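Going line by line, the protein sequences match chains A and B.
According to the working numbering, the stretch in the first sequence is residues 1 to 105, in order.
According to the working numbering, the stretch in the second sequence is residues 1 to 298, in order.
Since the hints were derived computationally from the structure, they do not count as laboratory data.
Only a predicted model underlies this, so the values are computations on that prediction, with no experimental measurement involved.
For glycine and all other residues, C-beta sits at the position ideal for the given N, C-alpha and C.
Listed below are several chain A residues computed to face chain B (Cβ distance under 10 Å; list not exhaustive):
(1) 13
(2) 16
(3) 18
(4) 49
(5) 77
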Amino acid sequence: MLIQVNKILNSDRGIDRASGQLLFNCIKDVHPSTLELSFEGMSKLSTLFLNESIGAYVLKYSKDLGNWFPKVSPDTILSHKIENVIENAQMGEEFDRINAEAQFA
Amino acid sequence: MVYRVIHLYTFAIKQGDLSKTLKYQLSEEIYTNSTGVNTIYDVYKFFSDKRDQRVEICFKNLRWIDANLCAILQAVLFRLSKENNLTFTADLKYLQNKFNILFRNGFINDAKEVAKKETSILLKTFNAGEANEFTNYIEYDLLSHPGMKSIDSATKEEVCDAMIELFNNYEDHAKTDYPVFTCGQFFPKQEKIIFSIVDLGVGFLPAIKEKTKTLIKPITNNLEAIKWSVEERNTTKPPPGGLGLHRLLNCTKKHSGELQIITGDTFWSSGLNEMFFPKKEIKNPFKGSTINLIFSSK
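Modelling step: build the complete structure from the supplied sequences, incorporating the hints.
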């Protein structure tokens with residue numbers, strides 16, 4: 001199932017909590033094995049938006065994720081943000097703690 | 001609750017008890033530095049224990065104000081208006097002659113738009129939930145301003161992205177219904193552009209203190225909180241102060257500029273930091289936080 005984020009949001013920006021929740025509601029019942037999520041055509045994505053949408057999705061399907069990754073132009077600010085949010089969602093609070101301790105060591 | 005800018009002009013036509021009019025003199029020069037910020041915060045301190053009065057802000061002894069600082073002054077007047085029921089006025093005729101910039105940038109009149117050749121970046125307010133409007137303003141009013149023409153497009157994209165992160169963080173951490181105040185000014189002679197963004201929230205420290213309380217060295221003061229917020233980090237959730245500040249610091253450095261952060265009793269700037277001055281004191285702390293971005297337009 002292909003879901004294009006810009007069509008769901010009717011915008012090329014995903015930069016607030018409400019938009020993130022809207023996207024999550026659209027994808028939350030679609031298993032990663034059948035979800036093709038495309039961020040192509042998006043110009044701005046904020047961490048808040050990504051946490052509310054794909055961050056929440058990754059948490060929900062943490063055991064079934066496999067190599068799932070959205071479609072996005074590689075090596076852009078947007079692709080790096082998506083990578084970070086997915087990685088961080090998989091690592092969770094423990095990652096925050098280790099990272100914070102390391103910075104203060 | 002949605003608030004808009006309350007302009008001095010609006011204050012002037014409000015009915016007040018004229019017999020109780022207080023006068024407050026702004027004097028000398030107010031620049032974008034610790035002295036300038038202290039001068040504006042002093043206005044708040046002076047009126048913080050006064051209520052239900054009419055106040056004239058007198059500009060006659062003022063020789064200069066960096067117009068971007070209207071964001072801070074407006075935020076101060078806004079809080080005093082909302083919380084202390086103070087009504088502000090000014091000698092508008094004098095201001096029209098001597099500080100016309102305050103009309104052109106929207107501090108006094110509700111300027112709708114600024115001509116491209118104009119040096120101002122309009123004073124605006126943005127409420128939580130207005131990330132789209134905020135982004136439009138950053139893209140069109142700040143980043144497309146002629147004073148930013150020497151900044152490369154990749155840096156502009158980075159600044160815009162970091163500002164969105166900053167705005168999201170205000171929505172998440174500032175814990176206030178009051179808006180964010182923004183204003184900018186291009187200084188052609190000095191070849192720099194300064195942009196100020198002010199919120200009336202709880203400041204950096206409370207959320208960072210809470211977030212770091214289980215660490216070996218928890219954050220306990222404003223200077224540490226600011227330094228923490230400008231470090232590069234990777235977290236599951238945007239931290240207080242934002243993921244944007246580290247990137248804004250890099251962008252200003254890249255263009256021979258400066259990042260200033262003021263919260264609680266602390267004025268921190270990347271310039272001071274490089275000179276090994278840890279901070280300057282804010283003698284009358286104002287609840288909230290102010291960020292000044294300075295870019296060289298050379």
